[in-house]
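Chemist: Residue-level listing of the chains:
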Amino acid sequence: MLGKMLENVREKTPLVHNITNYVTVNDCANILLACGGSPIMSDDIGEVEEITSVCGGLNINIGTLNERTIRSMLAAGKKANELGHPVILDLVGAGASALRTNTAKKLLEEVRFSVIRGNISEIKTLALGGGTTKGVDADVADKVTDETLDSVIAFAKAFSEKTGAVIVITGATDIVADSQKAYVIKNGVPTMSQITGSGCMLTAMTAAYITANPQQLLEAAAAAVCAMGLCGEKAEAVRKEQNAGNSSFRNYLIDEVYKLDGRMLEEGARYEIC
Amino acid sequence: MLGKMLENVREKTPLVHNITNYVTVNDCANILLACGGSPIMSDDIGEVEEITSVCGGLNINIGTLNERTIRSMLAAGKKANELGHPVILDLVGAGASALRTNTAKKLLEEVRFSVIRGNISEIKTLALGGGTTKGVDADVADKVTDETLDSVIAFAKAFSEKTGAVIVITGATDIVADSQKAYVIKNGVPTMSQITGSGCMLTAMTAAYITANPQQLLEAAAAAVCAMGLCGEKAEAVRKEQNAGNSSFRNYLIDEVYKLDGRMLEEGARYEIC
Amino acid sequence: MLGKMLENVREKTPLVHNITNYVTVNDCANILLACGGSPIMSDDIGEVEEITSVCGGLNINIGTLNERTIRSMLAAGKKANELGHPVILDLVGAGASALRTNTAKKLLEEVRFSVIRGNISEIKTLALGGGTTKGVDADVADKVTDETLDSVIAFAKAFSEKTGAVIVITGATDIVADSQKAYVIKNGVPTMSQITGSGCMLTAMTAAYITANPQQLLEAAAAAVCAMGLCGEKAEAVRKEQNAGNSSFRNYLIDEVYKLDGRMLEEGARYEIC
Chain A
400 MLGKMLENVR
410 EKTPLVHNIT
420 NYVTVNDCAN
430 ILLACGGSPI
440 MSDDIGEVEE
450 ITSVCGGLNI
460 NIGTLNERTI
470 RSMLAAGKKA
480 NELGHPVILD
490 LVGAGASALR
500 TNTAKKLLEE
510 VRFSVIRGNI
520 SEIKTLALGG
530 GTTKGVDADV
540 ADKVTDETLD
550 SVIAFAKAFS
560 EKTGAVIVIT
570 GATDIVADSQ
580 KAYVIKNGVP
590 TMSQITGSGC
600 MLTAMTAAYI
610 TANPQQLLEA
620 AAAAVCAMGL
630 CGEKAEAVRK
640 EQNAGNSSFR
650 NYLIDEVYKL
660 DGRMLEEGAR
670 YEIC
Chain B
400 MLGKMLENVR
410 EKTPLVHNIT
420 NYVTVNDCAN
430 ILLACGGSPI
440 MSDDIGEVEE
450 ITSVCGGLNI
460 NIGTLNERTI
470 RSMLAAGKKA
480 NELGHPVILD
490 LVGAGASALR
500 TNTAKKLLEE
510 VRFSVIRGNI
520 SEIKTLALGG
530 GTTKGVDADV
540 ADKVTDETLD
550 SVIAFAKAFS
560 EKTGAVIVIT
570 GATDIVADSQ
580 KAYVIKNGVP
590 TMSQITGSGC
600 MLTAMTAAYI
610 TANPQQLLEA
620 AAAAVCAMGL
630 CGEKAEAVRK
640 EQNAGNSSFR
650 NYLIDEVYKL
660 DGRMLEEGAR
670 YEIC
Chain C
400 MLGKMLENVR
410 EKTPLVHNIT
420 NYVTVNDCAN
430 ILLACGGSPI
440 MSDDIGEVEE
450 ITSVCGGLNI
460 NIGTLNERTI
470 RSMLAAGKKA
480 NELGHPVILD
490 LVGAGASALR
500 TNTAKKLLEE
510 VRFSVIRGNI
520 SEIKTLALGG
530 GTTKGVDADV
540 ADKVTDETLD
550 SVIAFAKAFS
560 EKTGAVIVIT
570 GATDIVADSQ
580 KAYVIKNGVP
590 TMSQITGSGC
600 MLTAMTAAYI
610 TANPQQLLEA
620 AAAAVCAMGL
630 CGEKAEAVRK
640 EQNAGNSSFR
650 NYLIDEVYKL
660 DGRMLEEGAR
670 YEIC
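Just so you know, the sequences run in chain order A, B and C.
For the numbering used here, add 399 to where a residue sits in the first sequence, where the first one is 1.
For the numbering used here, add 399 to where a residue sits in the second sequence, where the first one is 1.
For the numbering used here, add 399 to where a residue sits in the third sequence, where the first one is 1.
Any given hint might turn out to be false.
The list treats identical chains as one, so a pair stands whether inside a single copy or across any two.
[Said to hold, decoys possible] No farther apart than 20 Å at their CA atoms in a straight line, the calculated lysine to aspartate or glutamate pairs in the EDC-like style are these:
| id | residue 1 | residue 2 |
| --- | --- | --- |
| 1 | Lys658 | Glu640 |
| 2 | Lys542 | Glu406 |
| 3 | Lys658 | Glu635 |
| 4 | Lys561 | Glu665 |
| 5 | Lys561 | Glu509 |
| 6 | Lys580 | Glu632 |
| 7 | Lys478 | Glu410 |
| 8 | Lys639 | Glu509 |
Quick caveat, the hints were computed from the structure, so don't treat them as lab data.
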C-alpha cells in the first residue's frame with residue numbers, strides 16, 4: 400500500500416509549486432527530483448497563481464517569510480483550492496514570532512490544506528493558539544513520549560477533524576493522522592535533526608506524494624514520512640561507514656530517496672495504525 | 400580550440416556578476432569557482448550597476464524573479480552593455496508564466512545579450528512569442544530528435560541572426576549557434592536533469608567562458624556546454640561506482656568541473672559543426 | 400583553553416539568529432548545526448526583533464543585502480544590543496559597492512558589535528573609509544605577508560580599540576585581535592577560497608562560539624578561526640584521498656566541524672599570540 404504511493408509518484412512525475420524559504424530550497428528541489436516529482440519555485444505575486452495552475456500541487460513553507468511572500472502564499476493557496484490541487488503547509492518556526500504564528504493562522508483561515516506538517520510545538524501553536532517553540536526546534540516540554548503518545552494522537556485527530564487536513568507531527572516518533580486514523584511511525588534517526596531542512600524536505604516530498612495520490616491523502620502522507628525516515632536510516636548507515644558528518648549525511652539522505660523503490664519502502668516502513 | 404577557451408578562464412579568473420534565483424545560487428557560485436572564475440551575487444537596484452562595473456561579465460537568470468530583481472536585471476544589463484561586458488540570459492521557466500515570458504522579452508528589447516540559454520521550449524517561447532513550457536522542463540512536443548534536428552538548428556541560427564546573441568539550446572542534444580554556424584553537442588547524461596540547477600550552472604559557467612573569451616563567443620559557449628556535458632559523464636561514472644543518487648551527483652559534477660583541464664576537454668568533447 | 404570554547408558550544412547549543420545572504424545560507428545553517436549550535440534564519444522587519452529575542456546571539460552578514468534586509472539588520476542589531484546578546488558582523492563585499500560600504504558603516508554606527516570579520520580589504524574599507532575590494536575577494540595589494548604582518552596586527556588592535564569589537568581578518572594568515580592581544584593563526588588551506596561561503600560559514604560558527612562564551616570573546620573567536628582552518632586541513636586530506644573537487648570539499652569541511660572535539664582542536668590549532 401505505502402509502496403504503491405511511492406510508485407505513483409515515479410509514474411506520474413507530479414509537478415509541485417513551492418513557495419518556500421531560501422535556506423533549504425535547494426534541498427527541497429533536489430528531494431522532489433529524487434522521489435520522482437518535478438519542482439518549480441516561484442513566490443512573486445505577479446506569477447504565483449499562474450504557476451500553481453500549471454502544477455499539480457502546492458507546497459507552502461513559512462520559513463524566512465516576508466510581507467511580499469505572505470501575499471503570494473495566500474494568493475497561490477486560494478488558486479490551488481479553486482483548482483482542487485492538494486496543498487500542504489509547513490509550519491516551520493510557528494510560535495517563534497507573532498508574524499509566523501499569525502501568518503499560519505491566516506493561511507489556515509483562508510486556504511483549505513490537504514496536509515499540515517510541523518513539530519509538536521509548531522502544531523500546538525497553530526491548534527491551541529500559543530506554544531513554546533524554541534526557534535525552529537520543538538520545545539522539550541512538548542516532547543512526544545510513550546506516556547504522552549495517546550494524548551498526542553487524540554490531539555492530532557481532533558485537529559484534523561477541525562481543519563480537514565491530514566496532520567503530520569514529526570519528531571523521534573512521527574504521527575500522521577486524519578480524524579479517524581493515525582499512523583504512528585518509528586522510522587528515522589537523530590542525525591536528521593542535525594541537518595537543516597529535514598522537515599522542509601519531508602514536506603516537499605509529501606507534496607509530491609499527495610499530488611500523485613490525491614484520493615489517499617492519509618496513506619500518501621504516511622508513505623512519505625516512512626520513506627523519509629527509512630532513507631534517514633539508510634543514510635546514517637552510509638555516514639557511519641564513511642566516517643562522515645552532517646553535510647554528507649544530507650547528500651546521502653537525498654541519494655537514498657533517489658534509490659528507494661516501492662518494495663524497499665514496504666519492507667522498511669515501521670509503523671502502527673491507531 | 401575548446402581546450403584553449405577553458406584555459407583562458409583559469410588564466411584570467413573572470414569576475415562574474417550574477418543576478419540569479421535563490422534555488423540554485425550556491426551551486427552557481429561553486430561551479431564558477433570550480434571552472435576558474437570568481438562569482439559575485441548581487442540583486443539590489445542600489446548596487447547592481449556598481450557591482451557589474453567591477454566585474455567582467457554578467458549572468459542574468461530569471462528563475463524566482465520578482466518586481467525588485469527585474470528592475471535590477473534591466474539596470475545591470477544596460478550598464479554591462481555600456482561597458483561592453485558580455486551578458487548572458489538564462490530563460491529558466493520562460494513560458495510558464497506571463498511574468499517570466501514578458502520579463503524575458505523586455506530584457507531582450509532593452510539589453511544586448513552575448514548568449515541566450517534555455518531548453519527548446521523556453522527558447523521557442525522567446526523566439527516565437529508563445530510556447531509550451533511545462534514548469535521548468537521542456538515540453539515533450541518540443542523535444543529535439545534526429546528528425547527535427549535540422550529544423551532546430553535553422554531555427555537557432557535564425558534567432559541568433561535576429562538577436563545578435565549566441566543561442567544555446569540544451570537537452571539530450573545541445574545546440575550552440577550563431578547566425579552562421581552551429582555546434583551540435585552530444586556530451587551529457589540524463590542524470591543531469593535529475594538535479595536542480597544543471598541549466599543554471601551551465602549558464603553561470605558559460606558566463607565565465609565568454610568573459611574570458613570575449614572575441615570568440617560561439618567557441619567559448621560551445622566549450623562550456625561540452626565541458627558541462629563531459630563532466631556530467633564523468634560524474635555519472637563516479638555516481639554509479641559509489642551507488643549514489645542525485646544529490647551526490649551534483650557534488651561530483653562540480654568536482655569534475657574543478658578537475659577538468661584543456662586537454663581533457665579536447666579529448667572528451669563530442670560535437671559536430673553544422 | 401580553545402578546546403573549552405568548543406566544548407561550551409556543544410554543551411549550551413546556542414541558538415543563533417542569522418540575517419545573511421541567500422548564497423551560502425544553507426551552508427551557514429549546516430555548519431551551525433555541525434559545531435553544536437542551532438540556527439534560525441529570519442530577515443523580515445515584522446519579526447526580526449522577536450526572533451533575535453528568543454536567540455542567544457545574532458549574525459549579520461551583508462552579502463546580497465537589499466533595502467528590506469538592511470532595515471532588518473539595524474532593527475535586530477539594536478534589539479540584540481538591548482538584550483546584551485553577542486552580535487557579529489560579516490563584511491562580505493564591503494568596498495565593492497557604496498551600498499555595502501555605507502551599510503557596513505551605518506551598522507557600525509548604530510549597533511555595538513562583539514566581533515567584526517572580513518578579509519583585509521573589507522576590514523580596511525570599513526576602518527579607513529576606502530579600500531580596494533575586488534568583488535568578494537581581497538585585493539592583492541592588501542595581502543598580508545611576513546613583511547606587513549606586524550603593521551596589520553597593529554591596525555587590527557587599533558580598529559578593535561576604536562570599535563570595541565574583536566577584529567577577525569581572514570586570509571592565508573588569520574588575525575584575531577582585541578585592543579591588547581592578537582592571535583596570529585596559521586591553520587587552513589587554499590582550497591577554502593575555492594568554495595563559496597567559507598568566510599560566511601566561519602562567521603556563523605564564530606557567532607555560536609561567542610554566544611556560548613560571552614565572557615571570552617577573543618578566545619572564543621580565535622577558537623572558531625582555528626577550528627575552521629583545522630577542519631579545512633582535515634577536509635583537504637579527505638578531498639585529495641578521494642580525488643574530489645571543491646563541491647565535495649565543502650561537505651567534508653562541514654563534516655569535519657561536525658566531528659571536531661576539544662582535544663582535537665587543542666592539538667591541531669597553530670597560532671601565536673602577539
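Chemist: Which of the numbered hints are not met once you compare them with the structure shown?
Modeler: Of the numbered hints given earlier, those the structure breaks are 2, 4, 6, 7, 8, listed in rising order.
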